[in-house]
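Residue numbers (UniProt numbering), protein chains in the order written: chain A, 1 to 402; chain H, 1 to 402.
Hints may contain errors.
[Claimed, not checked] If you anchor each label on the Cβ, the simulated ranges turn out as follows:
1. H/63 / A/72: 36 to 42 angstroms
2. A/358 / H/146: 30 to 36 angstroms
3. H/99 / A/358: 18 to 24 angstroms
4. A/130 / H/42: 41 to 47 angstroms
5. A/339 / H/63: 18 to 24 angstroms
6. H/99 / A/42: 55 to 61 angstroms
7. A/293 / H/352: 40 to 46 angstroms
8. A/142 / H/336: 32 to 38 angstroms
9. A/154 / H/63: 54 to 60 angstroms
10. A/72 / H/395: 39 to 45 angstroms
11. A/76 / H/63: 39 to 45 angstroms
[Said to hold, decoys possible] Listing some non-contacts, in silico: residues in chain H with all C-beta distances to chain A over 10 angstroms:
12. 55
13. 106
14. 216
Calculated from the structure, these hints are not laboratory results. Each residue gets a CB set at the ideal place from its N, CA and C atoms; glycine is no exception.
Below are the chains, spelled out letter by letter.
There are 2 protein chains.
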Amino acid sequence: MSDHATTPPTPPPTTPTTPAAVRLPSGFRAAGVTAGLKASGTPDLALVVNDGPDHHAAAVFTTNRVEAAPVTWSRQVVVDGRVDAVVLNSGGANACTGAQGFLDTHRTAEHVAEVLGVSAGDVVVCSTGLIGELLPMDTLLAGVDAAATALSRDGHEAAAVAIKTTDTVHKVADHHGDGWSVAGMAKGAGMLAPALATMLVVVTTDAVVDRADLDAALRAATAVSFDRIDSDACMSTNDTVVALASGASGVPVDAGTLTTALTAVCADLARQLIGDAEGAAHDIAIEVVGAASVDDALEVARAVARNNLFKCAVFGNDPNWGRVLAAVGTTRAAFDPTTLDVAMNGVQVCRAGGVGEDRSLVDLAPREVHVLIDLHAGGASATVWTNDLTHDYVHENSAYST
Amino acid sequence: MSDHATTPPTPPPTTPTTPAAVRLPSGFRAAGVTAGLKASGTPDLALVVNDGPDHHAAAVFTTNRVEAAPVTWSRQVVVDGRVDAVVLNSGGANACTGAQGFLDTHRTAEHVAEVLGVSAGDVVVCSTGLIGELLPMDTLLAGVDAAATALSRDGHEAAAVAIKTTDTVHKVADHHGDGWSVAGMAKGAGMLAPALATMLVVVTTDAVVDRADLDAALRAATAVSFDRIDSDACMSTNDTVVALASGASGVPVDAGTLTTALTAVCADLARQLIGDAEGAAHDIAIEVVGAASVDDALEVARAVARNNLFKCAVFGNDPNWGRVLAAVGTTRAAFDPTTLDVAMNGVQVCRAGGVGEDRSLVDLAPREVHVLIDLHAGGASATVWTNDLTHDYVHENSAYST
Numbered sequence: 001m002s003d004h005a006t007t008p009p010t011p012p013p014t015t016p017t018t019p020a021a022v023r024l025p026s027g028f029r030a031a032g033v034t035a036g037l038k039a040s041g042t043p044d045l046a047l048v049v050n051d052g053p054d055h056h057a058a059a060v061f062t063t064n065r066v067e068a069a070p071v072t073w074s075r076q077v078v079v080d081g082r083v084d085a086v087v088l089n090s091g092g093a094n095a096c097t098g099a100q101g102f103l104d105t106h107r108t109a110e111h112v113a114e115v116l117g118v119s120a121g122d123v124v125v126c127s128t129g130l131i132g133e134l135l136p137m138d139t140l141l142a143g144v145d146a147a148a149t150a151l152s153r154d155g156h157e158a159a160a161v162a163i164k165t166t167d168t169v170h171k172v173a174d175h176h177g178d179g180w181s182v183a184g185m186a187k188g189a190g191m192l193a194p195a196l197a198t199m200l201v202v203v204t205t206d207a208v209v210d211r212a213d214l215d216a217a218l219r220a221a222t223a224v225s226f227d228r229i230d231s232d233a234c235m236s237t238n239d240t241v242v243a244l245a246s247g248a249s250g251v252p253v254d255a256g257t258l259t260t261a262l263t264a265v266c267a268d269l270a271r272q273l274i275g276d277a278e279g280a281a282h283d284i285a286i287e288v289v290g291a292a293s294v295d296d297a298l299e300v301a302r303a304v305a306r307n308n309l310f311k312c313a314v315f316g317n318d319p320n321w322g323r324v325l326a327a328v329g330t331t332r333a334a335f336d337p338t339t340l341d342v343a344m345n346g347v348q349v350c351r352a353g354g355v356g357e358d359r360s361l362v363d364l365a366p367r368e369v370h371v372l373i374d375l376h377a378g379g380a381s382a383t384v385w386t387n388d389l390t391h392d393y394v395h396e397n398s399a400y401s402t
Numbered sequence: 001m002s003d004h005a006t007t008p009p010t011p012p013p014t015t016p017t018t019p020a021a022v023r024l025p026s027g028f029r030a031a032g033v034t035a036g037l038k039a040s041g042t043p044d045l046a047l048v049v050n051d052g053p054d055h056h057a058a059a060v061f062t063t064n065r066v067e068a069a070p071v072t073w074s075r076q077v078v079v080d081g082r083v084d085a086v087v088l089n090s091g092g093a094n095a096c097t098g099a100q101g102f103l104d105t106h107r108t109a110e111h112v113a114e115v116l117g118v119s120a121g122d123v124v125v126c127s128t129g130l131i132g133e134l135l136p137m138d139t140l141l142a143g144v145d146a147a148a149t150a151l152s153r154d155g156h157e158a159a160a161v162a163i164k165t166t167d168t169v170h171k172v173a174d175h176h177g178d179g180w181s182v183a184g185m186a187k188g189a190g191m192l193a194p195a196l197a198t199m200l201v202v203v204t205t206d207a208v209v210d211r212a213d214l215d216a217a218l219r220a221a222t223a224v225s226f227d228r229i230d231s232d233a234c235m236s237t238n239d240t241v242v243a244l245a246s247g248a249s250g251v252p253v254d255a256g257t258l259t260t261a262l263t264a265v266c267a268d269l270a271r272q273l274i275g276d277a278e279g280a281a282h283d284i285a286i287e288v289v290g291a292a293s294v295d296d297a298l299e300v301a302r303a304v305a306r307n308n309l310f311k312c313a314v315f316g317n318d319p320n321w322g323r324v325l326a327a328v329g330t331t332r333a334a335f336d337p338t339t340l341d342v343a344m345n346g347v348q349v350c351r352a353g354g355v356g357e358d359r360s361l362v363d364l365a366p367r368e369v370h371v372l373i374d375l376h377a378g379g380a381s382a383t384v385w386t387n388d389l390t391h392d393y394v395h396e397n398s399a400y401s402t
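Just need the whole structure built from these sequences, with the hints factored in.
Structural data, given as structure tokens:
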């Protein structure tokens, strides 16, 4: 394994503390207010507005076939590549709510459009919270009015706070170019799995970019960030990642530079999502090397990331590497079971499919855990981030709607 | 949904109490002894011997590509359809133990053969316990000697007890024909998932059967029993189900009757495995009806059975049906999201993909939970049994090897 890096190729670890404030790129205003959708009385409605001059947009959505009404709506909104505003609510997912749910999303977009003087067809709607409940529309629409009044160049943090559900902290990230910047906000703490996590993300930039470049850059960025975190293997009905470009900086940015910037911001946010996953006590990087293809590496990494027994063992600080091999063995990836190597936090506990170094040498006390699996089948690699399975995960998710 | 049964087509519920004693069919002897493989000092080595006149055998094994040494060995043993003895140990899985592990399995079979006066090539070996540790062979072989001495027509219960790992009770079942019978023993309480659970099962019958019929009957029986329980989505490296037929009753039994009998015994044992799954507080039947094919029904049932958020909700007695729909939406099965129906314990909480009856009407206090999903896409159906995800599951599996 000596020819492979022993640290995962992802951003440095973060702990779920309040991040440094991130400011909106030029051309944007935002707000976060308390509409009253959440019983907790915490902020629950956010608005992000692109004042231009450009109104380029791209988005990716959940691949769950049971998708929430706002996802169905917003897919249509972004088809023409123009978005003027994004309205986001926590306190209710508006999923599995039938025709009435879709009418409610439509009415929300119409109301935002009316208040801002834009077209409803350019308003993305995102919702998050409990599935299977209709939203209290009077409360929500009054919240839109309040948010529109509160819109400000300084509103990025407030908007990021208002989209939290079970998140313990709000998540923001940024990237600064020469005279231009990218900012991002995210929410998500459970139902985190590819493709995409249960999460809402708004990325804004004032760079002058080609509309097609923005779309390609966003897809490339999400493929190696949000698509590679898997907290609990549960795919959401509401996942939305939307990117908006105002062009207000006046600085043209090429496709490659834009992709690098968006990838940095998305990877930072993805790492924050794992760091704040419901009940987690460990953040675990599953790095697969020596794979015949990236797809093989991802299949193996995800199989391990989704293995409840392995995740329980990590919670118990137990380097039970047999559970890693048992998970690898369920995949179709190319490998020979008698040549598999596994290292946990630098200790090669499994060598050539059998017993390696003494498992008692592994220290799993730190929050961050690194599992390195060498398939010895090729030169491809991939890393998937996950969490351990804990009492607190069970506790939080056995009492979510009741 | 009214055209479908509202109770799952599986045996009545059992609770994890000690089952009534099951006797061996004629032609068999068995024993269970304490070899000293387990620190707990409880029985850990079992022997089942077929004295004939027939020595027909069939077996199915884990499909995990990382398979334990005893699985590799036993696959070869059963190829010719003859088995004279099965030796089973708890206290160590002998998986991921390399060439030495295979030599140890071979040596075990040779020793059993020598003691019993049979061929090592007719001795099936099964092991269960922690992965990645070599077995203490002197202790194990001395246990074989002790078991051979203890062999008895009354040894079925003792053998069933000796194969337990984290099982709280031993599992046995039987079926009685006219002058012939089938008996079964099983162990397994975690790492339970298709194909097959983490389990060892020995089924014995004194019926006079065709060897090919025994093989077909066992495969048919496991496909609708052990392959349809999924406690924790974790596939084992050691799963083995072996069926032995002695012909000692002198009663010929046709293929259909044999299949029915084996299916009854396997379904009974499978239900007992779910009833004793590690830390479980609920046994959950996921019944999918109206599917375009049995494969579709199984894919949907398994997706729900493996959804941690749903399983946590059931633990919390929370009828969070949105999590059922979110899981269904991840499958490739034929369905229209706007026609999905879901009932929980008889309350139709989701109708036509939207809100149905009040979720507060669902009573999840009983241990047994029934989730009925109608895909409205055809006439096929299937039921998968699973468990909830509990604090005790996390506790037990975070402290297994340490």
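Comparing the hints with the structure gives:
no., hint, in the structure
1, H/63 / A/72: 36 to 42 angstroms, "holds, 38 angstroms"
2, A/358 / H/146: 30 to 36 angstroms, "holds, 31 angstroms"
3, H/99 / A/358: 18 to 24 angstroms, "holds, 20 angstroms"
4, A/130 / H/42: 41 to 47 angstroms, "holds, 46 angstroms"
5, A/339 / H/63: 18 to 24 angstroms, "holds, 20 angstroms"
6, H/99 / A/42: 55 to 61 angstroms, "holds, 60 angstroms"
7, A/293 / H/352: 40 to 46 angstroms, "holds, 42 angstroms"
8, A/142 / H/336: 32 to 38 angstroms, "holds, 35 angstroms"
9, A/154 / H/63: 54 to 60 angstroms, "holds, 57 angstroms"
10, A/72 / H/395: 39 to 45 angstroms, "holds, 41 angstroms"
11, A/76 / H/63: 39 to 45 angstroms, "holds, 43 angstroms"
12, 55, "holds, 31 angstroms"
13, 106, "holds, 16 angstroms"
14, 216, "holds, 26 angstroms"
Hint compliance for this structure: no hint is broken.
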